[in-house]
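K.L.:
Residue numbers (numbering that gives the first Met the number 0), protein chains in the order written: chain A, 0 to 195; chain B, 0 to 299.
Please keep in mind that the hints were generated in silico from the structure rather than gathered at the bench. Fair warning: there could be bad hints in the mix.
[Said to hold, decoys possible] With beta-carbon atoms standing in for the labels, derived distance ranges:
1) A:S37 with B:V104: 23 to 31 Å
2) B:A63 with A:T64: 49 to 57 Å
3) A:Q148 with B:I52: 21 to 29 Å
Please read all numbers here as calculations on a predicted model, not as lab measurements. Just so you know, even glycine gets a beta-carbon here, dropped at the ideal spot from N, CA and C.
Spelled out from the first residue to the last, the chains are:
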Amino acid sequence: MIIETTAREATRTQRFAHYFTLIYCALALFIGANLRDSALYAITPYTNSEVGITAFYPESWLFDTTPGVVLDVRDTQRAGFNTRINIRVLPFSPGMSVRNLIDTLALQRRIDLPFYKILSVSERAFGLDDITTIVDYTFVSDLDDPFLQLIPAVVIGEDVFIVRRNQVILVSFTADANTFDRDYAIFERFLETLDY
Amino acid sequence: MTDYRARLLTPPREEEEIRPYRSVWRSIIIENIGLTSVAAVSFVLFGILGVSIPDTIRPILNIAIALLPLVFWVLFSWLAERTVPQPRRQLLAVFLFSVLIARAVGQPLVEEFLRVQEWLPLGTAIGRIVGYTFTVGIVQVGLAYLVLYTLTWQENLRYRYDTLAYAAAAALGYGMLPSLEFAVTGQPNPYVVAAHTLSIFATLTVANCVVAYGLSAVRFDSAPALFMPFIIALGSLVTGLSIPLYSGFLNATFSIIGASVQRHVLGIGFTGAFLFGGLFLIYTLFTYAERRAADRELER
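Make the full structure from the sequences, and use the hints.
P.N.:
The structure is reproduced here in structure tokens:
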């Protein structure tokens, strides 16, 4: 059976059906965005009473135990170079300056990391009354495996030096240069929740 | 006793009804049987029998397989439409608009805004169904609804099966570029391309046909205003169910004895059952709606 219609004007019910559909689509998309946020930005607390640090790192990241590193977490879901955040505590005597630490680290990394270069050194306010020193650097990450079919990745890193009495808390963030800008938001959130 | 009632030696010839419109169901069924058959045959040829093809021919074959839904649609829908007295004029426009909308809006929304590839594949089964429903599902179905409403609602929905014809064209347009991209990325085996193409179009076709049913109910059956949002939710749930279930059937379980290979036979089997089961349900709904409309006409 064929029922033809030539009516062009929609009835009131049809108009409301259209409006409700648009509202539902917007609402469902909002729910989808919330599901995304709760999955991508879920965090896990980390507390180290010995050092006196509390931090919140992304729930899906792998917690690693590295000697000499207080906290070492990385995003293993990322193909290629894993985005990484780690915290170290370095001794800091009264006669030292942060610049000494930066230079020492630069010399060490020059050996460990291929093509290591410092991009910039700057100071930034952190928290209520702290001034931190920020060091941006770059290097090339290449896993020493002849069978791994992987192009070396250019990595951008950022060190945040927080001076605390006779210690410096060094928070480091490294990510593939291609994903650095996107992942930097995670690092910013990490720093915002860092308590020391 | 003699029966004096007049009898004819041959039954009277019924005048063949001249239908002004193309039969939509016939086109949809033929196209999807063709697509499923190609997936099954290519799996037997390349997956089971291990027929090898030169590397130079493989990309061409893969592109041809990815373009098959378009070829079937042109042959059995678009060209067939041109032979009937009253063709559906917006068919090509709906197809082309869906291609553009998928590329310009759908893909960026799913991949860059919702970033489903980063968090959904890792979730629990229920989490993935819910997640895909409210991300990929709502984007696909919502955009299909918008395209259909914008291009056809005013003048081009003349009877209920028009919604179905346009919805099938929208499904084809939305899935065209993703299936082509898959075919040209990394030289996959042709049967993998065929299975993937079938999976994409099966999901889109069933979900869009659900939307078509909702549109026809609102347009021709005076369905309540909340019916259409309900149908959109149902359509997105169809997508939300299809994607994780297909992955579940396809992906091999972990094995320590031998290599874990994807179970394409289960993937193709599930997609076929999902496609034809879904189409059968929608056919039943359309038939029921048509009968009710006929009853209403008789009551007047």
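K.L.:
Each hint should be assessed against the structure and marked as holding or not.
P.N.:
Against the structure, the hints come out as follows:
no., hint, result
1, A:S37 with B:V104: 23 to 31 Å, "holds (24 Å)"
2, B:A63 with A:T64: 49 to 57 Å, "holds (53 Å)"
3, A:Q148 with B:I52: 21 to 29 Å, "holds (24 Å)"
Figure legend: structure checked against the earlier numbered hints; every hint is met.
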